[in-house]
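In order, the protein sequence lines correspond to chains A and B.
Each step along the first sequence adds one to the number in my numbering, with nothing skipped, and position 159 is 159.
Each step along the second sequence adds one to the number in my numbering, with nothing skipped, and position 35 is 35.
Keep in mind that the hints were calculated from the coordinates and are not lab data.
Be a bit skeptical, because a hint or two may be false.
Said to hold, decoys possible - Each computed DSS-like pair below joins lysine-lysine, with the alpha-carbon atoms no more than 25 angstroms apart: (1) LYS9/B / LYS186/A; (2) LYS45/B / LYS218/A; (3) LYS20/B / LYS218/A; (4) LYS206/A / LYS144/A; (5) LYS9/B / LYS215/A; (6) LYS9/B / LYS218/A; (7) LYS142/A / LYS108/A; (8) LYS108/A / LYS45/B; (9) LYS186/A / LYS45/B; (10) LYS43/B / LYS142/A; (11) LYS67/A / LYS45/A; (12) LYS96/A / LYS142/A; (13) LYS43/B / LYS108/A; (14) LYS186/A / LYS43/B; (15) LYS4/B / LYS186/A; (16) LYS4/B / LYS43/B; (17) LYS142/A / LYS45/B; (18) LYS169/A / LYS33/B; (19) LYS169/A / LYS45/B; (20) LYS96/A / LYS123/A.
Residue-level listing of the chains:
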Amino acid sequence: MIEVKDLTKNYGATRALDGVSFTLEQGKILGLVGPNGSGKSTLLKVIAGVTPFNSGIVMVNNMSPGKHVREFTSYIPEIDALYRDLTIEDHVDLMKNFVNDWDPEREKELFELLELHPGQKIKSLSKGYRKRVQILLGLARKAKIFLLDEPLSGIDPLSRTLILDALLKIFTSYESSVIFSTHIVKEAENMFDDVLFLKNGVAILKGSADELRAKYGKSIEDVFKEVYHDHL
Amino acid sequence: MNIKFDESKPIYLQIGEGIKKAIARGDLKMGEKVPSVRELALKLKVNPNTVQHAYQELIREGIIFTKRGQGNFVSEDPERIKALREQLITEIVDNFVREINEVGFSISSREILKLLEEKNDRS
Numbered sequence: 001m002i003e004v005k006d007l008t009k010n011y012g013a014t015r016a017l018d019g020v021s022f023t024l025e026q027g028k029i030l031g032l033v034g035p036n037g038s039g040k041s042t043l044l045k046v047i048a049g050v051t052p053f054n055s056g057i058v059m060v061n062n063m064s065p066g067k068h069v070r071e072f073t074s075y076i077p078e079i080d081a082l083y084r085d086l087t088i089e090d091h092v093d094l095m096k097n098f099v100n101d102w103d104p105e106r107e108k109e110l111f112e113l114l115e116l117h118p119g120q121k122i123k124s125l126s127k128g129y130r131k132r133v134q135i136l137l138g139l140a141r142k143a144k145i146f147l148l149d150e151p152l153s154g155i156d157p158l159s160r161t162l163i164l165d166a167l168l169k170i171f172t173s174y175e176s177s178v179i180f181s182t183h184i185v186k187e188a189e190n191m192f193d194d195v196l197f198l199k200n201g202v203a204i205l206k207g208s209a210d211e212l213r214a215k216y217g218k219s220i221e222d223v224f225k226e227v228y229h230d231h232l
Numbered sequence: 001m002n003i004k005f006d007e008s009k010p011i012y013l014q015i016g017e018g019i020k021k022a023i024a025r026g027d028l029k030m031g032e033k034v035p036s037v038r039e040l041a042l043k044l045k046v047n048p049n050t051v052q053h054a055y056q057e058l059i060r061e062g063i064i065f066t067k068r069g070q071g072n073f074v075s076e077d078p079e080r081i082k083a084l085r086e087q088l089i090t091e092i093v094d095n096f097v098r099e100i101n102e103v104g105f106s107i108s109s110r111e112i113l114k115l116l117e118e119k120n121d122r123s
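Here chain B stands alone, though its shape is the one from the complex (with noise of 0.2 angstroms):
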C-alpha cells in the first residue's frame, strides 16, 4: 500500500483512508492481517505513533480488531465492509455532483449517466 500525502491535513486520516480504500477494493480481504505499525511506518515514512493513531480510529470504526498478540486484522462482518464500501462510493458521487454544480454546468442525469457508461466500458 502506497500513500501520497497532502501534508496539509492531517496524516493520520489520510493513513486511515488508505486502508479504507485499500479493503474497499479487495487488496485487504476479509479477516486479513493488516501491516503491523512499525512495517507501515517505515513503508510510509511516517511517525509510528501516527500509525497508532489511525488504527485506533479504525478500531473505533470497526474496521478492523485487534487479536491479542498477533495484531490487527480486517472486520469479518460482511455488513460492515459492504457499507465501508459504500460510503466511500458516496463521497465520490458527493464530489463528483459537487463539483459538477460549482462549475454550473447544466446537465441532465441522463446524460450524467449517458458519459459514466461510456467511461466504465472503455476502463
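Just chain A, with the same shape it has in the complex (with noise of 0.2 angstroms):
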C-alpha cells in the first residue's frame, strides 16, 4: 500500500510537486497520466527513493522510502542504464546479484512474451527492444511495488502491444501494487484501477479508473483532456 499526503518536492526554485495526496490499495494499478513536466517522474523518483522531497509524508507498506523500500519495490526509469557492449543475459546475471527476489520462471516467461534472446547484445538493439530488455530486468522480480516511468514512450507500436500483454500477463499472476505513468492513455486505460491526473505538480483529478467513466459519460483519455483544459 502506497500512502502520500502533502508531499512537495521542489527543485531550486521551481516547485515539482505541489501538495499530491493520494492513496493506493495493495493490489491495484494506478495510471499516472499528465503531460511532459507535469511532475510524473518526481513522483516515482520520490516514492522509489531515489529522490528526496520537501514536505508531505510518503508511505511505502508503512515505510518511509529508502533502502528498506527498495528491497521489495522495483522501478523502472524512462531512461535505461543499459551497458552496449554486453548482451541480455549478462544484464539479467548483474540484476539477479543486486536483488533478492528475482524469480527465473518469471524471467523465462518474460524472454518469451517479450520476444527476446538472452544473447543478443545491447548495442544490436534498437529502442523498442531495449525497453523491452528494461521490462524484463524489471519485471521478473517477485517485487510488493512496481513503479514504472512512461514505460509505452518513444517506441514502436509492436514493443508497445507486447510491453503491455506481458505487463498485465504479469500483475495478474501477483498481489503487487503498480504505478504506471503514461501520457498514452488510450492503449493503457482499461489496465488501470485508478487514476491521478498531475498538472504542474498538481494532482488535478484522482478516483476510481470506471467511477470516472460513469460521472463523465466519457474514457479516462477525454476525461483528461476535459479536466486538463478546464483547470487553471
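The two chains are supplied separately, each in an independent frame; assemble them into the complex guided by the hints.
As C-alpha cells, then:
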C-alpha cells in the first residue's frame, strides 16, 4: 500500500510537486497521467526513494522511502542504463546479484512474452527492444511494488503491445501494487484501477477509472483532456 | 467470449453485460463454470480487479455463484436464467421503441410486427 499526503518537492526555485495526496491499496494499478513536465517522474522517484522531498508524508507498505523500500520495490525509470557491450543475459546475471527477489520462472516467461533472446547484445537493439529488456529486468522480480515511468513512450507499436501484454500477464498473477506513468492514455487505460491526473505538479483529479467513466460519460483519455483544459 | 469495449462507459458493467448475453444465448449453460478472473482479464486485456468487480455484481444479482475453491458457475435456477433472457429482450425492445419514437416515424404496431417477421424469416 502506498500513502502520499501533501507531498511537495522543489528543484531549486521550481516546484515539481505541489501538495500531492493519494492512497493506493495493495494489489491495485494506478495510472499516473499527465504531459511531460507535470511531475510524474518526480513522484515516482520520490516513492522509489531515489530523490528526497521537501515536505509531506510518503509511506510505502508503512515505511518511508529508502533502502528498505527499495528491497521490495522494482522501479523502472524512463531512461535505461544498459551497457552497450553486454548481452541481455549479462544484464540478467547482474540484476540477480543486486536483488533478492529474482524469479527465474518469470524471467523465462518474460523472454518469451517480450520476444527476446538471451545472447542479444544491447548495441544491436533498437529503442523498442531496449525498452523490452528494461521491462524484463524490472518485472522478473517478485516485488511488492512496481513503479514504471513511461514504459510505452517513444517506441514502436509492436513493442508497446508486447510490453502491455507482458505487464498484464505479470500483474494478474501476483498481488503487487503498481504505479504506471504515461502520457499515452488510450492504449493503457483498461489496465488501470485508479487514475491520478497531474498538471504542473498538482493532482487535479483522482479516482477509480470506472467511476470517472460513469461520472463523465467519457473515456479516461477524454476525461483527462476535459479536466486538463478546464483546470487553470 | 469477446467484448468490444466502449471506453466511455464503466468497463466492469460491459463485462457483466457480456457474460449475461453469453448466458442468454446459451454460450454459457446453466451450472457451467465461467472463466476465471485471471483468464478473462488476459483475454479481454483488462485489469483483473475490474473482472472481479463485474463478477461480484453478477453474484449479487444471483446470475452466477461461487463454489468455494472451484470458481464461479452460472446459476442452476431455470427461473433466474429465464428472467435474465426476458430482461435482455425487454432492453432491446425498449431501445427499439425509443429510437423509432425519436426519429418520429408514425408506424403502427402491425407494420412493425410485419417487418420483424420478414427480418426474422430471412435470418
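- Item | Structure versus earlier hints - violations, ascending order | Violated hints: none; all satisfied.
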